[in-house]
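Novice: Assemble the complex: chain A is given as a structure, and chain B must be docked to it using the hints.
Number of protein chains: 2
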Amino acid sequence: MAIEINKNLFRKIEHLVELQSDAAILSLLGNEHHADIAEVLDELNLDDATYIIKLLDSDLTAEILMDLDEDTRERVLKNLSAKEIAEEVSELDTDDAADIIGELSEERQEKVIFEIEDDEHKADIQELLTYDEDSAGGLMAKELVKVNENWTLPRCIKEMRAQAEEITRVHSIYVVNDDEQLIGRLSLKDLLIAPPKGNISKIYIPKVDSVNVNEDTEEVAKIMQKYDLEAIPVIDDNKVLLGRITIDDIVDVMKEEAEEDYLLAAGVSQDVEADDSILELTKARLPWLVLGLFGGLGAVFIMEGYEDIMADDRYRQLFFFTPLIAAMAGNVGVQSSAIIVQGLANDVVKGSLFHRLLKEVGLSLINGLILGLLVILFGFVTQMDINFSLTIAISMLSVIIVAALIGTFVPIVLDKRGIDPAIATGPFITTSNDIFGIFLFFYIAKIILGF
Amino acid sequence: MAIEINKNLFRKIEHLVELQSDAAILSLLGNEHHADIAEVLDELNLDDATYIIKLLDSDLTAEILMDLDEDTRERVLKNLSAKEIAEEVSELDTDDAADIIGELSEERQEKVIFEIEDDEHKADIQELLTYDEDSAGGLMAKELVKVNENWTLPRCIKEMRAQAEEITRVHSIYVVNDDEQLIGRLSLKDLLIAPPKGNISKIYIPKVDSVNVNEDTEEVAKIMQKYDLEAIPVIDDNKVLLGRITIDDIVDVMKEEAEEDYLLAAGVSQDVEADDSILELTKARLPWLVLGLFGGLGAVFIMEGYEDIMADDRYRQLFFFTPLIAAMAGNVGVQSSAIIVQGLANDVVKGSLFHRLLKEVGLSLINGLILGLLVILFGFVTQMDINFSLTIAISMLSVIIVAALIGTFVPIVLDKRGIDPAIATGPFITTSNDIFGIFLFFYIAKIILGF
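For the protein sequence lines, the chains are A and B, in the order given. Numbering of the first sequence is given in the numbering used here, commencing with residue 1 and proceeding in unit increments. Numbering of the second sequence is given in the numbering used here, commencing with residue 1 and proceeding in unit increments.
Only chain A is shown next, with the shape it has when bound in the complex (with noise of 0.2 Å):
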């Protein structure tokens, strides 16, 4: 749907702004929604983008900033003065404000942050971008609506009332008490249904879900989750309360979690993007290219001590199964693994680590046992020496359990140490579990056939 309409819409703009046709810009713009002028601005290029973003209103292209992909967003800051970005990020939100605020180098946010004329603004920013980017601190915005338990209720309405104007979303209304101490909470909707009379001690909620400045973002997510919550109150460590995050940051939050998470699995370190330059993807793929180099080098240094059955055309052709048995070992292991990792960011991997591991055996039990059968089957057909091809048939079932062992022990015994376990998924198993496939498969060629 979009997409379609922004094909043309680029088409359009493009030309207008060759034509610097700023009236026809304008009246063409001023009808789109920020994320679909956002995207247009992603594939023009850099000063047509910049030239936009000078001529709409300032309250237009701040969301349009906040939209755009952060290579684009990053050229386009650079191309504005501190005064001009002040004045962007003073129509924004404070959250989206600090965000943007602290992509700039240390020595513009201070210039931008001099700019900004509104002083709460200005101070709001200032505390927000002393937290953690992956802390709840990090994520919360300044705005929220509160009241304090002694108002009444017509003075609570009409203070909220001056609040709301300023807040795009009105989840819920918090009410402290005196000291600022986050203590409950109101309903709009209640609000709503409630006659407006007495006072606010006797209405609110006094159960309030909160979160702590300083606790993890993907924590925060975990229990706006469990909880359905669509918004939550942060407080300090006096339960002071300070903003509040809401779920579509938390979306954002997941978002990304879950991208790195694939890419990670995938032998992609973090935070790159098909559209980044060679350098930065180069930086994301070679390290662990680099760690399959070491494996597949030791693999050679395993079968370098077998190089004698090379001579003896009973044995030799085991050497052809060498990238077949380090393929299941490796696919066993990234399987388990990528499991397990599901598993325990889920918290549905239950029962002890014996356990656990018992299933694997006995699943890989299965897998192997058909594989096997598999194999035999192919030595039946090709002709193959019956205990040749028994030989194969048993390594690769040994191999598929021990992978599947490693591929579980190691993200529960990772996650218990706190690393993060996906981490263990992709070419670090792989890797691992490719050198062990084929110094288990030499071994137990030898003690069957004998050589």
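To be clear, the hints were calculated from the coordinates, so they are not data collected in a lab. Heads up, some of the hints might be wrong.
If you only want the chain B side, here are some residues facing chain A, beta carbon under 10 Å, derived [said to hold, decoys possible]:
hint	residue
1	Ile250
2	Ala326
3	Ala338
Only pairs whose alpha carbons sit at most 20 Å apart, straight line, appear in this in silico EDC-like list of lysine to aspartate or glutamate [said to hold, decoys possible]:
hint	chain 1	residue 1	chain 2	residue 2
4	B	Lys255	B	Glu133
5	A	Lys222	B	Asp36
6	A	Lys7	B	Glu219
C-beta: ideal position from N, C-alpha, C; glycine also.
Specialist: Same frame as chain A, but now just chain B:
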């Protein structure tokens, strides 16, 4: 936080169920959030869990049922009569009610629906059950607040209050015309701020995003994310307002999708969890391993063609490097395809296919040259023949380039043909690249070394 509480709670509850101290259980669980109680029930044995479900009030247990693991829920539902299930779903919003009933056998579905007392609720659920679960219709709830454009504001507020009492969360008030067609929206906040006089038609916002009831859920998720929506109305082909989808449902869709992609990349077919049965896990894993087996056997055939060179101690060591070449081809292929799959999902794969492939060649040249140099260094240290190490390095470079091209090309082509490109990562790419890599390796070695 919650996790610690739940371990204590679990022990206490288990003990109290044993003693059949109903009053103590009720007072203990009365203060807990339904999501926490569900976590405890997931850990209890089936009889204890059913005992508690039957003991608690249905307004609480209905929510608990929604929060249970799918497995636990399935087993608990088997222990409840059709009438008991009907009581539970009567307490739920229509979307959740339809989800629970949808999990039952068709025969039980009819019985449960028959037992639902509220006719409107019954009709709504029956309507929702007709939609595909991967469509907007399968995700939406019938609960929403709607007003007619011709109403006066006082009437609107009165009707709205009546409607809102039934609804957990009010995001927007939808405005319809006399034909029930969606024509705009009102925000609660606007209504709170606006003075209550005049007619709806004067103050509503005529611009409102909506999705068609047959729209794919992944597309709905993209739209809600892009436009930062907390709820979106669902309409039919005649623009008649049918229901609404809220962001919490989208969070679940996104999570499920990310998990499926992650597991698929690791060679595990969709829809399994660490706690599923061995049989289910085998079904999800074995097909990919069989694919790997065929790939490995394919490589055996290729190598058999080169069996003669095993007699020659100048060439036989080539066989030591096959796992390395295969692993490199596999790793590079998975990296390339994962980045493309991710990029396609985020619409950041721009420019022509040719441009994209060219970029991969550049990237592979850098990676391949560095890895090739490391191989030559390795050859130098282990006193390999220089022609031999050059052969390994050059074939590795070629294999890396080809693997990257395949890893890029396949998902883009699949995507253009409307097939989910995520299927292309993992074992599929690994296996085809394994075979292709080994083939290329010996072919290049033959040319360089001239055997």
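Novice: Decide, hint by hint, whether the structure agrees.
Specialist: Hint-by-hint comparison with the structure:
no. : hint                : in the structure
1   : Ile250              : holds (8 Å)
2   : Ala326              : holds (4 Å)
3   : Ala338              : holds (3 Å)
4   : B:Lys255 - B:Glu133 : holds (16 Å)
5   : A:Lys222 - B:Asp36  : holds (13 Å)
6   : A:Lys7 - B:Glu219   : holds (18 Å)
Checked against the numbered hints above, the structure violates none of them.
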